[in-house]
Amino acid sequence: MSVYESRYRPLREEKVERAFMDNAKIMTRFEIGKSISGKWSKIPLIFAAFFLFIALTSLPALLILPEDDFVTNLEFFSSFFLTPREGPGSLIWLHVAIINSGLIATDLGDNTFNLYLTKMKLKTYFISKVIASIVLTFLGLPLVAFAYFIVAIYKRGLPIFPFNWNLIGQYFVILSKLVLFTIFIVFLYSSVILLFSAYTKKSINAGVLFIVYLIASSVIFDGILYDTTGFEPFRLLSPLTSMYIVFTNFFTREVISTGQFPTLEKESPDLVPYAVGMVILYALLSLFLTYKRLQFLRRD
Amino acid sequence: MTGISFDSVSKFYGEVVGLNDVTFSIPKGITGLVGSNGAGKTTTLKMCVALLKPDLGTVTVNDEPIWGNLGYLSRIGYATEKDKLYNWMTGEEFLDWNGKFYQMEPKELETRKMEILELMNLREAKDRRIAGYSRGMRQRIKIGQALLNNPDIIFVDEPMSGTDPLGRYTIAETFRRLQKEEGKSIILSSHVLHELERLSSWVLVLENGKLVAEGTIHGIRLALSDIPQHLVISSPNISQLVSFIVSEVDELKRVDENKIEVAVRKRRNFEKMLLDLQQEKSIEITEFYSVDGDLSSIYQLLKKRDSASWRYIA
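Note that the protein sequences, when read in sequence, are chains F and Z. Mapping of the first sequence onto the numbering used here: position 169 corresponds to residue 169, and the numbering continues sequentially without gaps. Mapping of the second sequence onto the numbering used here: position 89 corresponds to residue 89, and the numbering continues sequentially without gaps.
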């Protein structure tokens with residue numbers, strides 16, 4: 001009797017399904033742990049904590065504001081951490097460039113990519129990396145934004161005793177905006193970094209390429225082409241500018257009681273639907289190209 | 001048989017042909033894949049472990065396709081050619097991490113891990129980082145991870161590459177034990193032909209993406225009947241022996257007083273003739289061996305041929 005025939009027991013369908021899910025979970029957990037414990041990973045996390053600390057120290061000034069002003073300021077400060085371009089924006093890039101850049105690159109550098117593919121399907125591998133990238137991106141400033149929001153409304157006093165439906169509704173709107181824009185920004189960054197990570201064996205290269213791509217596309221399309229031609233759709237070719245257009249139109253940022261921050265004007269309101277479409281397209285295209293790249297690497 | 005069959009399989013890398021219409025089945029035991037760089041060895045192994053899909057033809061296991069067959073994947077082990085692994089992990093952590101993908105119970109994984117560390121002679125080094133391992137130790141931990149799931153079939157790409165003699169011995173002994181004691185089938189590709197010769201019961205010779213020979217090493221040499229085999233014969237009655245065989249050989253040269261080297265095309269017939277001479281004419285033969293019957297020589301002979309026009313099955 002042949003060796004194979006005597007031992008071969010095909011996995012039952014449900015066990016195959018379980019293996020698919022289990023391996024995806026194992027891989028995702030491993031990647032998150034590995035990325036966070038990396039040598040340089042502490043830097044953006046420390047910066048994020050520092051930002052939160054600074055924001056919280058200025059919280060008492062907000063808490064004594066009248067209700068309407070408090071709500072406006074709450075939206076401003078919570079969304080401040082998600083600003084795509086200025087200020088905290090660069091910290092989000094840094095965070096993603098440092099923490100997420102090794103997600104695929106280290107597997108290629110360490111030759112473990114093919115090893116994994118003999119233990120799981122390419123789809124499992126890919127999905128694990130996408131989920132890990134999303135979670136890791138969220139663990140930076142987006143998490144700080146939510147933390148700030150929750151701490152602020154808790155310190156202000158929950159509008160439950162007595163019920164203040166108007167305030168609850170306003171909080172809900174801000175929270176919904178934060179959730180939607182977080183999904184938006186996290187989806188784009190976590191997809192683009194995966195693409196760069198799949199094209200190099202060194203995570204530092206992927207990180208640098210990611211930042212260069214964001215800045216260069218912004219300078220070329222928004223800074224040079226748009227400024228010289230005045231043709232607005234050029235701006236959409238920069239993912240950062242597209243996100244910025246959505247950001248300035250999405251959040252209310254006109255009324256700043258403290259007077260410390262300039263009011264941001266709504267950028268190209270007519271382009272918002274296109275900007276949303278372009279960001280989604282960038283993210284989906286990045287994911288598609290990453291998957292294609294992985295398929296190619298498997299043959300290598 | 002292992003159940004693995006290649007049926008008219010071709011693989012193209014752009015304009016480069018990785019495998020060119022190959023058909024074979026892999027028998028149980030230890031099978032060696034022989035070929036020069038770019039011959040198609042790694043492509044063959046990658047197809048066996050479902051890392052590559054054929055462009056033409058089918059690769060099956062017990063008539064089921066290998067591609068996407070998780071049931072099959074859970075019962076094979078694969079050690080890649082490259083030995084750079086997660087250097088920041090210890091040997092034990094590396095095995096532990098790889099074992100997680102097989103849905104093993106923690107206790108079962110722990111036991112299996114220790115068995116493998118013992119088998120691969122790495123127990124002492126289990127807590128050291130892989131970065132500090134020698135090349136041979138890296139090869140062994142890499143092979144070790146391929147054994148975690150207690151696979152029925154193990155595929156190993158260049159297992160002897162960069163290893164010292166002790167490392168080679170450990171790896172070779174491990175393969176022998178796995179095959180003899182546990183009945184596992186092992187498919188190896190290697191440039192170290194003499195090691196492969198000692199280990200393999202069956203070889204597949206690939207050249208330029210084509211399968212040019214398959215069989216036992218002895219069988220392939222016999223099948224190369226159009227190329228004379230060189231045999232050395234020693235006898236105290238050498239002159240008498242020469243008078244009987246001179247008409248049956250292609251070449252004959254005297255090595256020393258009692259020793260000759262002959263070139264023959266039909267070795268089996270020649271061996272029978274020698275046996276008859278020993279029995280009927282009482283000619284004593286003290287030494288008889290082939291000088292080009294080893295895998296390395298056979299491989300050199302095969303390489304000289306036009307691989308497009310012939311194939312040896314023995």
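A few of these clues could be false.
Stated by the list, open to error - Computed cross-link-like contacts, DSS-like style, restricted to lysine-lysine with a CA-CA straight-line distance of at most 25 Å:
1. K303(Z) to K34(F)
2. K42(F) to K202(F)
3. K202(F) to K34(F)
4. K34(F) to K126(Z)
5. K53(Z) to K107(Z)
6. K123(F) to K201(F)
7. K25(F) to K100(Z)
8. K25(F) to K253(Z)
9. K39(F) to K25(F)
10. K281(Z) to K253(Z)
11. K126(Z) to K39(F)
12. K177(F) to K25(F)
13. K82(Z) to K123(F)
14. K53(Z) to K292(F)
15. K82(Z) to K34(F)
16. K210(Z) to K202(F)
17. K121(F) to K259(Z)
18. K201(F) to K253(Z)
19. K210(Z) to K53(Z)
20. K100(Z) to K123(F)
21. K121(F) to K100(Z)
22. K123(F) to K281(Z)
23. K281(Z) to K121(F)
24. K82(Z) to K292(F)
25. K82(Z) to K210(Z)
26. K202(F) to K266(F)
I should point out that these hints are in silico values taken from the structure, not numbers from a laboratory. Computed from a prediction, not measured in an experiment: that's the story for all the values here.
Results for each hint:
no.: 1; hint: K303(Z) to K34(F); result: violated, 47 Å
no.: 2; hint: K42(F) to K202(F); result: holds, 19 Å
no.: 3; hint: K202(F) to K34(F); result: holds, 15 Å
no.: 4; hint: K34(F) to K126(Z); result: holds, 20 Å
no.: 5; hint: K53(Z) to K107(Z); result: violated, 36 Å
no.: 6; hint: K123(F) to K201(F); result: holds, 20 Å
no.: 7; hint: K25(F) to K100(Z); result: holds, 11 Å
no.: 8; hint: K25(F) to K253(Z); result: violated, 70 Å
no.: 9; hint: K39(F) to K25(F); result: holds, 24 Å
no.: 10; hint: K281(Z) to K253(Z); result: holds, 22 Å
no.: 11; hint: K126(Z) to K39(F); result: holds, 23 Å
no.: 12; hint: K177(F) to K25(F); result: violated, 29 Å
no.: 13; hint: K82(Z) to K123(F); result: holds, 23 Å
no.: 14; hint: K53(Z) to K292(F); result: holds, 15 Å
no.: 15; hint: K82(Z) to K34(F); result: holds, 22 Å
no.: 16; hint: K210(Z) to K202(F); result: violated, 36 Å
no.: 17; hint: K121(F) to K259(Z); result: violated, 61 Å
no.: 18; hint: K201(F) to K253(Z); result: violated, 58 Å
no.: 19; hint: K210(Z) to K53(Z); result: holds, 17 Å
no.: 20; hint: K100(Z) to K123(F); result: holds, 18 Å
no.: 21; hint: K121(F) to K100(Z); result: holds, 15 Å
no.: 22; hint: K123(F) to K281(Z); result: violated, 73 Å
no.: 23; hint: K281(Z) to K121(F); result: violated, 68 Å
no.: 24; hint: K82(Z) to K292(F); result: holds, 23 Å
no.: 25; hint: K82(Z) to K210(Z); result: holds, 24 Å
no.: 26; hint: K202(F) to K266(F); result: violated, 39 Å
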